[in-house]
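Each chain is listed here by its residues.
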Amino acid sequence: MLEKQSNLKAWLYLLPAMALLLVFTFYPLFNAFYLAFLRDYSYLNGTAEGYTLFGNFIDVIQGANFRIAMKNTSIIVFISVPISVMVALLISVALNSIKKLQGMFQTIFFLPYVTNAIAIGMAFAFIFHQDYGLFNLILGVFGIDPVNWVGLGASWNTAMFALLVYTVWGGLAFKIMVFLAGLQNIDKQYYDAARVDSTPKWRVFSRITVPLLSPMIAYITITSFIGAFKAYRTIIGMFGPTLRPPGTLSKDSLITIVGLVYDSIAQADAVGKISQAAAASIILFLITLSFTGVQMIISKKRVHY
Amino acid sequence: MEIRLENITKIFVQKDKSEVIAVDTLNITIPTGKLIGLLGPSGCGKSTTLYMIAGLLKPNGGRIFFGDEDVTDTAPEDRGIGLVFQNYALYPHMTVRQNIMFPLENIKVPKPEAMIRAQEMADLVGIGELMDRKPKELSGGQQQRVAIARALVKKPRVLLLDEPLSNLDARLRLQTREEIKRIQRETGITTIFVTHDQEEAMSISDEIVLMDFGVRRQMGDPQDVYDKPENLFAAKFLGTPPINIFDGEIKNNNIVLAGKNIGKSKGSDQKVVIGIRPEGFIVNEKGSFELDVDMVETIGRDTSLIINDPTRENNTFRAIIETKHRIKPGDVLKVNIKKDKLFIFDVDLGNLIN
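If you're matching them up, the sequences are chains G and B in order. Numbering-wise (the working numbering), the first sequence opens with residue 24 and increments by one. Numbering-wise (the working numbering), the second sequence opens with residue 269 and increments by one.
No lab work stands behind these hints, which were simulated from the structure alone. Every residue, glycine too, gets a C-beta built ideally from N, C-alpha and C. Among the hints, erroneous ones may be present.
What the hints assert, rightly or not - Just some of the chain B residues that point at chain G, by a computed CB distance under 10 angstroms:
# : residue
1 : G350
2 : Q354
3 : P371
4 : L610
Claimed, not checked - Okay, the calculated bits of chain G under chain B, using three or more residues with CB under 8 angstroms as the criterion:
# : stretch
5 : 203 to 215
6 : 219 to 233
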């Protein structure tokens with residue numbers, strides 16, 4: 024009786040959260056799956072011509088931008104994530120080893136996390152400005168001519184470079200915070216023990232710090248990969264809704280898979296577009312799912328809890 | 269390797285800028301090849317002293333010598349010490365073998381040789397079969413042995429142990445302290461260990477260093493320190509059950525307790541603190557001293573009596589007598605006091621008066 028009562032209470036407390044999740048997460052989720060299998064669904068009339076198993080997926084894959092989006096997403100994922108994890112790790116180890124001003128630096132490194140991504144994107148777009156940008160100014164010091172990074176007619180290469188720099192930087196804050204918390208939890212005696220045994224610094228890092236931090240590293244790596252697969256805000260922030268430097272062709276677009284989804288939604292009035300958006304998001308879901316699965320298997324072998 | 273501490277002082281600055289003197293002009297000479305126990309209540313500076321010998325803490329004053337070599341400014345990695353931490357600090361992600369081999373990797377011992385030395389050391393401490401386990405798969409006692417093996421494998425000049433037994437349960441503690449003694453004897457390495465447990469220190473140390481408030485109170489063979497305490501602190505700290513303390517005086521060369529003469533002293537007339545070990549009472553029908561027995565605790569080997577004494581704070585003290593006397597609660601027992609179990613100390617400084 025007593026147990027039943029407390030059970031009831033627990034469900035009652037969970038109810039508000041459950042209700043919100045149902046309406047705003049689970050319903051859209053299942054609806055997306057449903058939409059992806061409708062043939063010629065019209066958003067305006069709410070009518071469809073029956074069902075199709077692969078029709079919408081084939082439309083997405085054969086779409087003009089799909090290859091570009093796949094390429095861009097892969098580059099963002101596989102370049103920005105490893106770099107930002109490594110940079111964050113080095114910064115947090117350095118931060119953890121200083122005593123003075125640690126709080127100040129911690130705040131500085133954490134600021135990007137509480138700043139709007141679009142605003143930072145605009146700031147970065149300006150940093151990479153050809154004539155007034157900080158980046159070209161620094162290059163100038165080394166005698167390198169100003170580069171048109173993201174301006175009128177900028178190439179895909181330079182635009183992607185700028186985007187990656189911004190993505191890496193924008194992702195640092197949260198990673199540093201998590202790593203720093205992890206580092207501060209490592210027992211100081213391990214380091215004292217290593218010191219007594221005359222362990223060189225790099226070996227302390229590679230044999231003690233990294234393994235002891237590996238649960239955090241795995242967590243950060245997996246969530247960062249998932250986040251990077253969903254990249255979109257950063258590109259909007261830097262390049263605006265066209266998703267490419269002004270005056271360039273659509274083949275030079277920096278569109279990602281999420282960008283593809285939004286593109287389709289923007290054309291919702293056309294028959295079948297909403298279904299394509301749903302199909303694209305399911306493709307992204309499957310890619311992310313399988314990739315995360317592989318990571319979990321790897322991390323089981325490499326992570327020491 | 270003889271270790272000499274000369275006028276070692278360590279001052280910690282607190283967050284509020286106030287200073288705490290953890291170790292105060294400490295002078296100790298630790299002879300070669302002995303097992304030395306640094307003993308004292310928590311906060312007495314014994315661990316601080318150990319970490320200064322290790323080099324992980326830097327003294328504010330004084331010099332530390334290993335043999336003739338002044339190591340005060342030598343980094344811990346260059347001192348040739350093995351250190352066993354209180355919670356062992358075994359690397360949780362490495363196997364026992366990797367843990368023991370880790371110090372050898374750092375000094376670039378070739379792997380085959382390192383494997384052999386690690387195995388030898390593991391066999392010495394009795395964990396040779398557990399080499400492929402992770403630390404968390406071992407019991408506390410086994411972890412402790414791994415930590416000792418890791419400290420010894422690089423053949424250090426000195427072995428330092430910080431509260432080596434405090435994380436073990438009572439039975440394991442007994443077993444492990446014998447083990448430490450055996451390992452120390454077999455390797456012949458100068459060993460210093462820190463403990464707050466007097467029984468532990470007395471049972472395995474060749475010599476104990478008794479510390480209080482960062483000051484050395486007494487050093488010597490454990491039995492000597494017990495039999496001839498130089499001060500009230502030493503008398504109170506050693507012995508279970510602890511020594512009984514009474515207020516008394518010296519009058520005309522007699523030691524007077526509660527109006528009765530219980531012994532002779534050459535000291536001048538003054539108020540004194542009298543200490544009598546619980547085993548210092550001999551039952552004697554003509555005894556000068558009366559004990560009002562409140563409770564009898566039978567132990568088997570001997571008998572522990574709780575004695576009523578309204579003059580004392582908790583109204584009782586403890587006496588231990590032979591089992592041949594069958595005592596009942598409420599008995600009044602006549603006793604004499606053994607001379608060598610009776611100590612008198614001056615009231616102000618607690619120093620022994622002859």
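Quiz item: What are the numbers of the hints the structure violates, in ascending order?
Solution: Hint check: 4 fails alone, others pass.
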